[in-house]
Amino acid sequence: MARKSPEVNAGSMADIAFLLLIFFLVTTTIETDSGINRKLPPMEDVVDPPIIKQKNIFTVVVNKNNMILVEEKVMAISEIRKAAVKFLDNGGGVGKEACDYCKGEKDRSSSDNPDKAIISLKNDRETDYKVYISVQNELVAAYNDLRDREFLSLYPNERMSFVEADKKYTDPRTSERVKASLKPKLSLVKDMYPQKLSEAEPNKNN
Amino acid sequence: MSKFKKKKNGEQPAINTASLPDIVFMLLFFFMVATVMRDNTLMVDNKLPAADQVQKLDKKDRVIYIYAGKPSARYESKYGDQARIQLNDKFSVVSDVGAYVLAERATKREELQNVLTTALKVDGETNMGLISDIKQELRKVNALKINYTTRIGDYTQNR
Numbered sequence: 001m002a003r004k005s006p007e008v009n010a011g012s013m014a015d016i017a018f019l020l021l022i023f024f025l026v027t028t029t030i031e032t033d034s035g036i037n038r039k040l041p042p043m044e045d046v047v048d049p050p051i052i053k054q055k056n057i058f059t060v061v062v063n064k065n066n067m068i069l070v071e072e073k074v075m076a077i078s079e080i081r082k083a084a085v086k087f088l089d090n091g092g093g094v095g096k097e098a099c100d101y102c103k104g105e106k107d108r109s110s111s112d113n114p115d116k117a118i119i120s121l122k123n124d125r126e127t128d129y130k131v132y133i134s135v136q137n138e139l140v141a142a143y144n145d146l147r148d149r150e151f152l153s154l155y156p157n158e159r160m161s162f163v164e165a166d167k168k169y170t171d172p173r174t175s176e177r178v179k180a181s182l183k184p185k186l187s188l189v190k191d192m193y194p195q196k197l198s199e200a201e202p203n204k205n206n
Numbered sequence: 001m002s003k004f005k006k007k008k009n010g011e012q013p014a015i016n017t018a019s020l021p022d023i024v025f026m027l028l029f030f031f032m033v034a035t036v037m038r039d040n041t042l043m044v045d046n047k048l049p050a051a052d053q054v055q056k057l058d059k060k061d062r063v064i065y066i067y068a069g070k071p072s073a074r075y076e077s078k079y080g081d082q083a084r085i086q087l088n089d090k091f092s093v094v095s096d097v098g099a100y101v102l103a104e105r106a107t108k109r110e111e112l113q114n115v116l117t118t119a120l121k122v123d124g125e126t127n128m129g130l131i132s133d134i135k136q137e138l139r140k141v142n143a144l145k146i147n148y149t150t151r152i153g154d155y156t157q158n159r
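Sequence order for the protein chains is A and B. Mapped onto the working numbering, the consecutive letters of the first sequence carry residue numbers 1 to 206. Mapped onto the working numbering, the consecutive letters of the second sequence carry residue numbers 1 to 159.
Please keep in mind that the hints were generated in silico from the structure rather than gathered at the bench. Honestly, I wouldn't trust all of these hints.
[Stated by the list, open to error] Straight-line Cα separation of at most 30 Å, DSSO-like style, residue types lysine-lysine; simulated pairs:
no., chain 1, residue 1, chain 2, residue 2
1, A, Lys-86, B, Lys-145
2, B, Lys-59, A, Lys-39
3, A, Lys-53, A, Lys-73
So here's chain B without its partners, still in its complex pose:
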């Protein structure tokens, strides 16, 4: 009758970890779906100023980004420490902005071409002269909707 005798080895059975991969895969898929890869590598310092009277920016496919600021430490020796404009992945001068906006506009779907916003992601330390030049260029190509992209915070943080 030893056939029905329970084995007595005193130890607790190990926890079954077979479903662990499933759980991890679930998390993985969540992050894969939620991930937005940065499409531009920033080559300029980009500490945005803070503001609290902000509105959310449109969907990503309706926005053209223009970055500006001092070149980051890595590029400082090559490009100097004066604030510059970054379009896509390279430093540019003010006169390139118009052509860039037109080229970007042409890549968007036709029904979106009239509702595009230009987001200016500019470092807080930049002089307004550069921004005014960008604004003039944008007016020339009739890209009139702009957004000064900011961090959300009180204006007293801007010092």
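The following block holds chain A by itself, in its conformation from the complex:
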């Protein structure tokens, strides 16, 4: 028997596919998370805490009214970056502690060199998270500004800033060869301005 079976009507196939497509379109979140990386100090108490000179500490306090005190002076968020750069880049040390790449004021009453300089960020239990993040952001920006400057002056051939180079280094698409050539440069600049940012435990007495 050569009877033809009737063809299945495929006209609604597109409708079904569209339905599925729209479902996946709606549920898709192509999200890439990003944020500020931090390393917490380990729990064990340091037996013999090193003595740090007061002039090497840059204290930033955010109080419960979200006001910012930098070295005991009230400051707006927009000024923090400049103040932190000034402190880190001061290079007031002499002899062995001198800093030959710092372009700061060499003030004897401020930090000796970027390796010694520590930024201490304190907050209150009632500080808003977003203000705290803003301050963190500006402090990280201060480090990044200085690293950018050094990276550009040391490796002008790279034609990118430290932040861009770091991003390229962490990008999985970058080839191993490029990574290997970037790594020593990045770590050198990182060591010139090490990120010494301490987050103290908040005050409990209020």
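Using the hints, position chain B against chain A.
This is chain B only, laid out in the frame that chain A set:
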């Protein structure tokens, strides 16, 4: 000789839509592959603060997520309007964080267990007290790499 005469019915032939399903299926497969389903339903408000000095987070399998913020409107009557921590799909208290991180760590592959990052997805309006408590708990279980997850934007948006 009418056999070879062209039919003249004046109308344009309809466009062939037979390949339309193929095109749509192609799109469908693209979105199916690119889709990342949200594995946690958010039960807290989660408007992340903005920052621009950010680094990308590691791959998903190396990250432990901790959410915190005010309970969303749906849960407000039951859980109040104070900021809370959300671990997986339920509200938790600070003392649960350590156990949660250890349990999550145990589910990861062994070679990844030392490189895990804890991502704190915290609403901007939260008080720092809660975050400090979480940080203390994380220090206790030696989960020291953390990431304050943020939106990308200028800090002036944080008000």
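Evaluation of the provided hints:
1. Simply put, A:Lys-86 and B:Lys-145 have alpha-carbon atoms about 29 Å apart, close enough for the 30 Å limit, and the pair holds.
2. Taking the CA atoms of B:Lys-59 and A:Lys-39, the gap is near 18 Å; set against the 30 Å cutoff, the hint holds.
3. Distance hint between A:Lys-53 and A:Lys-73 is fulfilled; the C-alpha atoms sit about 19 Å from each other, no more than 30 Å.
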